[in-house]
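Peer 1: Keeping their order, the protein sequence lines are chains A and B. Adding 22 to a residue's 1-based position in the first sequence gives its number in the numbering used here. Adding 48 to a residue's 1-based position in the second sequence gives its number in the numbering used here.
Hint data in this document are derived by calculation from the structure and do not stem from the laboratory. From the three backbone atoms N, C-alpha and C, an ideal C-beta is built for every residue, glycine too. Any given hint could be a false lead.
Derived lysine to aspartate or glutamate pairs resembling EDC-like cross-links, with alpha carbons at most 20 Å apart [claimed, not checked]:
#1 Lys97(A) x Glu76(B)
#2 Lys160(B) x Asp50(A)
#3 Lys185(B) x Glu61(A)
#4 Lys62(B) x Asp85(A)
#5 Lys62(B) x Glu44(A)
#6 Lys72(A) x Glu61(A)
#7 Lys97(A) x Asp153(B)
#8 Lys185(B) x Asp50(A)
#9 Lys160(B) x Asp94(B)
#10 Lys185(B) x Asp163(B)
Selected chain B positions facing chain A (in silico; Cβ < 7 Å) [stated by the list, open to error]:
#11 Arg55
#12 Phe66
#13 Arg68
#14 Arg69
#15 Tyr70
#16 Gly119
#17 Val186
Facing chain A, according to a computed beta carbon distance under 7 Å, are these residues of chain B, among others [what the hints assert, rightly or not]:
#18 Ser80
#19 Asn87
#20 Thr126
#21 Arg144
#22 Ala148
#23 Ser149
#24 Gln152
#25 Tyr199
#26 Asn203
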Amino acid sequence: MISLARKKKSPEVEVEFEDSSEVEAAMDILAREEPELKEIIEEAEEEAGKLTGFEEEYYELLDKGELWWTVIPSKPEERE
Amino acid sequence: MAEYSPRINTSSRKVACFTRRYLARRFEYPFSLAVSTRNYIMLDFDCPEDLRTAFEEARAIAEAFVEQYGGQADIWRTPHGYHLFFKRWFTWKEVRRHIASLLQDVRHGVFKCLDERHLEASLRRGYLTLRLNQLYKVAEVRLINGGVRTYVIRNP
Chain A
23 MISLARKKKS
33 PEVEVEFEDS
43 SEVEAAMDIL
53 AREEPELKEI
63 IEEAEEEAGK
73 LTGFEEEYYE
83 LLDKGELWWT
93 VIPSKPEERE
Chain B
49 MAEYSPRINT
59 SSRKVACFTR
69 RYLARRFEYP
79 FSLAVSTRNY
89 IMLDFDCPED
99 LRTAFEEARA
109 IAEAFVEQYG
119 GQADIWRTPH
129 GYHLFFKRWF
139 TWKEVRRHIA
149 SLLQDVRHGV
159 FKCLDERHLE
169 ASLRRGYLTL
179 RLNQLYKVAE
189 VRLINGGVRT
199 YVIRNP
């Protein structure tokens, strides 16, 4: 499902992956064919295995689907 | 800064981590991981110049929720204040009602550090989101033998 929300002050493009298993399968295929993507996926898998803190505390809720992950741009002060 | 701000929602940790890294490389600026929900109350207190007030507001709201509903609320330190996570399942209709009520309190000056823009954005999007960077838990609020207790884990 893809939805677009455009506001004058804070325009956003929102993309929602409904079936993560399909996305993961597609990533596996891409990783085999694209060296750059393979590198990113390896780094991401390593990061996913090392997450600690808030997300670790709520793994169970994330697994139940009552929480989900969102990727958003960092705030300007976090980009330096 | 990109013309549009992308938000990617996924239930997969692996997909989230990949997406964050891919977008950072593509746009050449960092992206944050966050968690989102329609079923739990997650609040942001953003007041780096007055952390004491921010913590007291988080604590007061946590204690009020725990007193009313039971369960547990956690308070997390963030780079600019605190996050409050109340671990009791609600329908989005209930969450929305609480968010709207808190927003009125902020607008009437009851709370100084509770992030008004976060509340407004949550109502606009239909779900709550909190960033996950540099967090550590500082307090847990629970109902013990009919009384609300706040356990401070680390110096807030």
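Peer 1: Determine which of the earlier numbered hints do not hold for this structure and return their numbers in increasing order.
Peer 2: 2, 3, 7, 8, 16, 17, 20, 21, 22, 23, 24, 25 and 26
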